[in-house]
Amino acid sequence: SQQGEEDPQALSIQEGENATMNCSYKTSINNLQWYRQNSGRGLVHLILIRSNEREKHSGRLRVTLDTSKKSSSLLITASRAADTASYFCATERAGGTSYGKLTFGQGTILTVHP
Amino acid sequence: NAGVTQTPKFQVLKTGQSMTLQCAQDMNHEYMSWYRQDPGMGLRLIHYSVGAGITDQGEVPNGYNVSRSTTEDFPLRLLSAAPSQTSVYFCASSPAGQGARVAFFGQGTRLTVV
Numbered sequence: 001s002q003q004g005e006e007d008p009q010a011l012s013i014q015e016g017e018n019a020t021m022n023c024s025y026k027t028s029i030n031n032l033q034w035y036r037q038n039s040g041r042g043l044v045h046l047i048l049i050r051s052n053e054r055e056k057h058s059g060r061l062r063v064t065l066d067t068s069k070k071s072s073s074l075l076i077t078a079s080r081a082a083d084t085a086s087y088f089c090a091t092e093r094a095g096g097t098s099y100g101k102l103t104f105g106q107g108t109i110l111t112v113h114p
Numbered sequence: 001n002a003g004v005t006q007t008p009k010f011q012v013l014k015t016g017q018s019m020t021l022q023c024a025q026d027m028n029h030e031y032m033s034w035y036r037q038d039p040g041m042g043l044r045l046i047h048y049s050v051g052a053g054i055t056d057q058g059e060v061p062n063g064y065n066v067s068r069s070t071t072e073d074f075p076l077r078l079l080s081a082a083p084s085q086t087s088v089y090f091c092a093s094s095p096a097g098q099g100a101r102v103a104f105f106g107q108g109t110r111l112t113v114v
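Residue numbers (the numbering used here), protein chains in the order written: chain A, 1 to 114; chain B, 1 to 114.
Rather than coming from a laboratory, the hints here were simulated on the basis of the structure. Predicted model, so just to flag it, every value in this text is computed and none were measured. Do not take every clue at face value.
[Said to hold, decoys possible] If you only want the chain A side, here are some residues facing chain B, beta carbon under 10 Å, derived:
no. : residue
1   : Gln37
2   : Leu61
3   : Ser68
4   : Lys70
5   : Glu92
[Stated by the list, open to error] Partner residues are not named here, just some residues of chain A that face chain B (Cβ under 8 Å, in silico):
no. : residue
6   : Asn38
7   : His45
8   : Gly59
9   : Arg62
10  : Ala81
11  : Thr84
12  : Ala85
13  : Phe88
14  : Phe104
15  : Ile109
[What the hints assert, rightly or not] Simulated restraints on C-beta separations:
no. : chain 1 : residue 1 : chain 2 : residue 2 : range
16  : A       : Pro114    : B       : Ser69     : 28 to 38 Å
17  : A       : Gln14     : B       : Ser84     : 19 to 29 Å
18  : A       : Arg50     : B       : Asp56     : 15 to 25 Å
19  : B       : Val12     : A       : Glu55     : 26 to 36 Å
20  : A       : Glu5      : B       : Arg110    : 17 to 27 Å
Beta carbons: idealized from backbone N, C-alpha and C, even for Gly.
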């Protein structure tokens, strides 16, 4: 079964606006990662946050993690048309036997209108 | 830098046929995985490997076999194709260890079983 649930399933905004996507998961984790997928392409890693971290920034991306609520959010600030893509959260479950195994959410389709 | 290379990019099979999806990585990563992506389902783990000679099942392993004879290659074999295996297949690799185990994905193989 899917570890993560993401919402919204689809998000449509104007260029320059901020986009926020949320992810919930079910089990304890080593880390949570966000990936981006352009239509018909492979996934590209955006940012990773470890279970002992609460917030992380990378350029226009901000990720938060609340392990007590088993949830994370991805904020893209000042969005651009080129940010149009599907965004997935993925978790690596806690424990050494889960190293390298990711469980993905269903994704959020982001459309940024010029 | 090639990264993760998957072949073929597209394939049509008849029910009952067998085939092998190829995956190769040139980053000397220990971990390799196969995922399938179905509409509205996100990615689901089929099989993974933590090193040459070591493989294990993921969430949806039935109907698929893998082997890992070298660090670089991780082929996925469909034993007897079924329409339910129509999907997009992604191979990924990631480094081992205590650091950030970020996954690098290939461009995918779009498989249709008729």
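Each hint, compared with the structure:
no. : hint                           : in the structure
1   : Gln37                          : holds, 9 Å
2   : Leu61                          : violated, 14 Å
3   : Ser68                          : violated, 23 Å
4   : Lys70                          : violated, 17 Å
5   : Glu92                          : holds, 6 Å
6   : Asn38                          : violated, 11 Å
7   : His45                          : holds, 5 Å
8   : Gly59                          : violated, 16 Å
9   : Arg62                          : violated, 18 Å
10  : Ala81                          : violated, 23 Å
11  : Thr84                          : violated, 18 Å
12  : Ala85                          : violated, 14 Å
13  : Phe88                          : holds, 6 Å
14  : Phe104                         : holds, 4 Å
15  : Ile109                         : violated, 11 Å
16  : Pro114/A - Ser69/B: 28 to 38 Å : violated, 49 Å
17  : Gln14/A - Ser84/B: 19 to 29 Å  : violated, 40 Å
18  : Arg50/A - Asp56/B: 15 to 25 Å  : holds, 24 Å
19  : Val12/B - Glu55/A: 26 to 36 Å  : violated, 46 Å
20  : Glu5/A - Arg110/B: 17 to 27 Å  : holds, 26 Å
In this structure, the hints that do not hold are numbers 2, 3, 4, 6, 8, 9, 10, 11, 12, 15, 16, 17 and 19, in rising order.
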